[in-house]
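> Below are the chains, spelled out letter by letter.
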Amino acid sequence: MENLFYFLASLTLLCALMVVISKNPVHSIIFLVITFFTISGHYILLNAQFLAAVNIIVYAGAIMVLFLFVIMFLNMGKNERDLKTSALTKITGTIAGGLLFVVMIAALKDAHVGTYDAENFNSQIGMVENLGKVLYTKYLLPFELASVLFLVAMVGAVMLGKKETGERHF
Amino acid sequence: MESVDLIYKAIYILVIFGITLLIATYSTYFERKIAAFIQDRVGPNRAGPAGLLQPLADAGKLFFKEDFIPTKANKALFIIGPGIAMLVATMSSAVIPFGDMLIVGGREIWLQAIEVNIGVLYVFGVVSLGVYGLMIGGWASNNKFSLLGAIRAASQNISYELAMGLSLIAVLMMTGSLSLREIAEQQQGFNWNIWYQPLGFLIFLVCAFAECNRTPFDLPESEAELIGGYHTEYGSMKLGMYLFAEYINIFVASAVMSTLYFGAYNFPFMENLRAAISDPVLANNVVTILGVIVMFAKIFAFIFFFMWVRWTLPRFRYDQLMKLGWQILIPLAILNVVLTGGAILLKDYLF
Chain A
315 MENLFYFLAS LTLLCALMVV ISKNPVHSII FLVITFFTIS GHYILLNAQF LAAVNIIVYA
375 GAIMVLFLFV IMFLNMGKNE RDLKTSALTK ITGTIAGGLL FVVMIAALKD AHVGTYDAEN
435 FNSQIGMVEN LGKVLYTKYL LPFELASVLF LVAMVGAVML GKKETGERHF
Chain B
4 MESVDLIYKA IYILVIFGIT LLIATYSTYF ERKIAAFIQD RVGPNRAGPA GLLQPLADAG
64 KLFFKEDFIP TKANKALFII GPGIAMLVAT MSSAVIPFGD MLIVGGREIW LQAIEVNIGV
124 LYVFGVVSLG VYGLMIGGWA SNNKFSLLGA IRAASQNISY ELAMGLSLIA VLMMTGSLSL
184 REIAEQQQGF NWNIWYQPLG FLIFLVCAFA ECNRTPFDLP ESEAELIGGY HTEYGSMKLG
244 MYLFAEYINI FVASAVMSTL YFGAYNFPFM ENLRAAISDP VLANNVVTIL GVIVMFAKIF
304 AFIFFFMWVR WTLPRFRYDQ LMKLGWQILI PLAILNVVLT GGAILLKDYL F
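Line order of the protein sequences matches chains A and B.
Going left to right, the first sequence walks through residues 315 to 484 as this note's numbering numbers them.
Going left to right, the second sequence walks through residues 4 to 354 as this note's numbering numbers them.
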């Protein structure tokens, strides 16, 4: 089990790095999809099957397809000109990344690593029945509010998409 | 898990994989035969008795054709595209219960590759990944017509996934489980879901046709009026893989429809048959084997239906297709969810 975790974790990190390193945006997206798959693998190792399946359906199956759509339409990365970055950008990028790294180390240096209680741990907590019960009883209000937020976002997207010259806003 | 179980699972998965490929291969033959029958022709009859070796001849031809890759294509993705289509198509049959339990030598053998309590979501997730094969292949060809074809196919698949998911929710509300085995078990005998969910089944069927790119929704590859689609630049076995993946998708869609709505391996009077045989082990095995035969009969009936429709209905126009998906099927599916919920509450209230 532990070896499997290390294998998956290294694969996740490798693919995540490739997302950033790849010069072709379509390659980046494909690596991002593989990253989502490996993260789903981690969920399965944690016995959270529902989360694993939903992660694949929502992120790999829907959102990344839209990303792919946009990038294919823009036809990015075809011109060599787009890929060249100036020296100034490189220097600022290095400094900004280094600063973020320092902040992260400062924040994590004294962080307390939580331990888990192996005796009382319920391994069935991530199953779809338990998750549904918790969502619809204990966290009903946040759940409903999130769905209202989604509805608002959807209506907003339709409205923005509808806007044409001479056409009335709703 | 014991090593015996592991070996059994490996054999079972290989057998299902083989059956899937065999059925997909012979679907091409039967498609042409059924087309010939409907159009009053003879159909393929040269290779072997009654043309039975025709699929092998086609495969041989595709394998030995020149494996052409366009000069400016993205070579790696151009090769991976059909591979993804094929991989995703063969993945979803893993959770389908093709039969109940066999008892051999006191050991219980379940005729299902993996039993997970998220079976329906797994199928749905794999279906939603099917878009990648088309999109990557279409984009990597470096041809505008291929790209437009890929985008046409992807928008169609994404649009119909929504209505498909919504029509599934009504089934899940009735069964209260995401596990395909449990859904199959609840349809004991003749208590099939189709009797409770006729509207849901109709929506699911239409969406399955659209997801498999079959007529009347075969716009992704309408070769007559639009350019061939995402596989314009493909030839030889790479094109063969795309077409083959499509037939596998038809098989899987038929299997999912039989499981969700037509009682999977259940058949009428199965309990009477079980009671009629005195030895319980023998009774169980006879019923299970008959169940597997019934399951495959249902799958073949659906595959036949897919082909029948292809040679009966003309193709939709693209705007009609989008209108049907978004403005008719999705509201109908939501209505179906509401009606199902109301019926479940009413049943609790009355009885």
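The hints are simulated quantities; they were obtained by calculation from the structure and are not laboratory data.
Just so we're clear, the structure is a prediction, and the values are computed from it rather than from any experiment.
No residue lacks a Cβ here, since even glycine has one placed at the ideal position from N, Cα and C.
Treat the hints with caution; some may be incorrect.
List time: in silico DSSO-like cross-link candidates among lysine-lysine, alpha-carbon distance up to 30 Å [what the hints assert, rightly or not]:
1) 64/B with 78/B
2) 337/A with 75/B
3) 147/B with 337/A
4) 350/B with 452/A
5) 147/B with 75/B
6) 326/B with 147/B
7) 447/A with 476/A
8) 404/A with 337/A
9) 78/B with 337/A
10) 147/B with 68/B
11) 147/B with 64/B
12) 75/B with 476/A
13) 78/B with 147/B
14) 78/B with 68/B
15) 447/A with 326/B
16) 476/A with 326/B
17) 64/B with 75/B
Computed, partial: chain B to chain A, Cβ under 8 Å [to be verified]:
18) 116
19) 117
20) 119
21) 120
22) 121
23) 138
24) 157
25) 161
26) 181
For the chain B half of the interface with chain A, some residues (derived, Cβ under 10 Å), not all of them [stated by the list, open to error]:
27) 158
28) 208
29) 341
> Hint by hint, say whether it matches the structure.
These are the hints, each one checked on the structure:
A threshold of 30 Å between alpha carbons decides the hint, and for residue 64/B with residue 78/B the separation of about 23 Å falls inside it, so the pair holds. Distance hint between residue 337/A and residue 75/B is fulfilled; the C-alpha atoms sit about 17 Å from each other, no more than 30 Å. Taken as a hint, the residue 147/B and residue 337/A pair is honoured in the structure, with Cα atoms around 22 Å apart against an allowance of 30 Å. A C-alpha spacing of about 27 Å is found between residue 350/B and residue 452/A, which places the hinted pair at or below 30 Å, so the restraint holds.
For the hint linking residue 147/B to residue 75/B, the alpha-carbon distance of about 12 Å falls within 30 Å, and the restraint holds. Simply put, residue 326/B and residue 147/B have alpha-carbon atoms about 25 Å apart, close enough for the 30 Å limit, and the pair holds. Only pairs whose Cα atoms come within 30 Å are accepted, and residue 447/A paired with residue 476/A is rejected, the gap being roughly 39 Å. At most 30 Å may separate the alpha-carbon atoms for a hinted pair to count; residue 404/A and residue 337/A meet this at roughly 15 Å.
This hinted pair checks out: residue 78/B and residue 337/A have alpha carbons roughly 15 Å apart, not beyond 30 Å. Simply put, residue 147/B and residue 68/B have alpha-carbon atoms about 25 Å apart, close enough for the 30 Å limit, and the pair holds. Our distance criterion of 30 Å between C-alpha atoms is met by residue 147/B and residue 64/B, whose separation comes to about 28 Å. As the CA atoms of residue 75/B and residue 476/A are separated by approximately 37 Å, the hinted pair breaks the 30 Å bound.
A C-alpha spacing of about 17 Å is found between residue 78/B and residue 147/B, which places the hinted pair at or below 30 Å, so the restraint holds. In summary, the hint linking residue 78/B to residue 68/B is supported, as the alpha carbons are separated by about 18 Å, within the 30 Å threshold. Distance hint between residue 447/A and residue 326/B is unfulfilled; the C-alpha atoms sit about 37 Å from each other, more than 30 Å. With a C-alpha separation of about 16 Å, the suggested pair residue 476/A and residue 326/B falls inside the 30 Å cut-off, and the hint holds.
A threshold of 30 Å between alpha carbons decides the hint, and for residue 64/B with residue 75/B the separation of about 26 Å falls inside it, so the pair holds. The interface hint given for residue 116/B is broken, as the beta carbon of that residue sits about 16 Å from the closest beta carbon of chain A, more than 8 Å. For residue 117/B, the suggested interface contact is broken, since its CB lies about 11 Å from the closest CB of chain A, more than 8 Å. The restraint placing residue 119/B at the interface with chain A holds, with a minimum CB-CB distance near 6 Å, inside the 8 Å limit.
Hint on residue 120/B holds. Least Cβ distance to chain A is approximately 6 Å, under the 8 Å limit. The beta carbon of residue 121/B comes within 5 Å of a beta carbon in chain A, closer than 8 Å, and the hint placing it at the interface holds. Satisfaction of the interface hint for residue 138/B is found here, the shortest Cβ-Cβ separation to chain A being roughly 6 Å, below the 8 Å cut-off. Checking residue 157/B against chain A by beta carbon gives a least distance of about 6 Å; that is within 8 Å, so the hint holds.
Taking 8 Å as the C-beta contact cut-off toward chain A, the hint placing residue 161/B at the interface holds, the least distance being around 6 Å. The restraint placing residue 181/B at the interface with chain A holds, with a minimum CB-CB distance near 6 Å, inside the 8 Å limit. For the restraint placing residue 158/B at the interface with chain A, the shortest Cβ-Cβ distance is roughly 8 Å, inside the 10 Å limit, so the hint holds. Using the Cβ-Cβ criterion of 10 Å, the hint placing residue 208/B at the interface with chain A is not satisfied: the shortest such distance is roughly 21 Å.
The interface hint given for residue 341/B is violated, since its Cβ lies 16 Å from the closest Cβ of chain A, which is over the 10 Å cut-off.
The structure shown violates the earlier hints numbered 7, 12, 15, 18, 19, 28 and 29.
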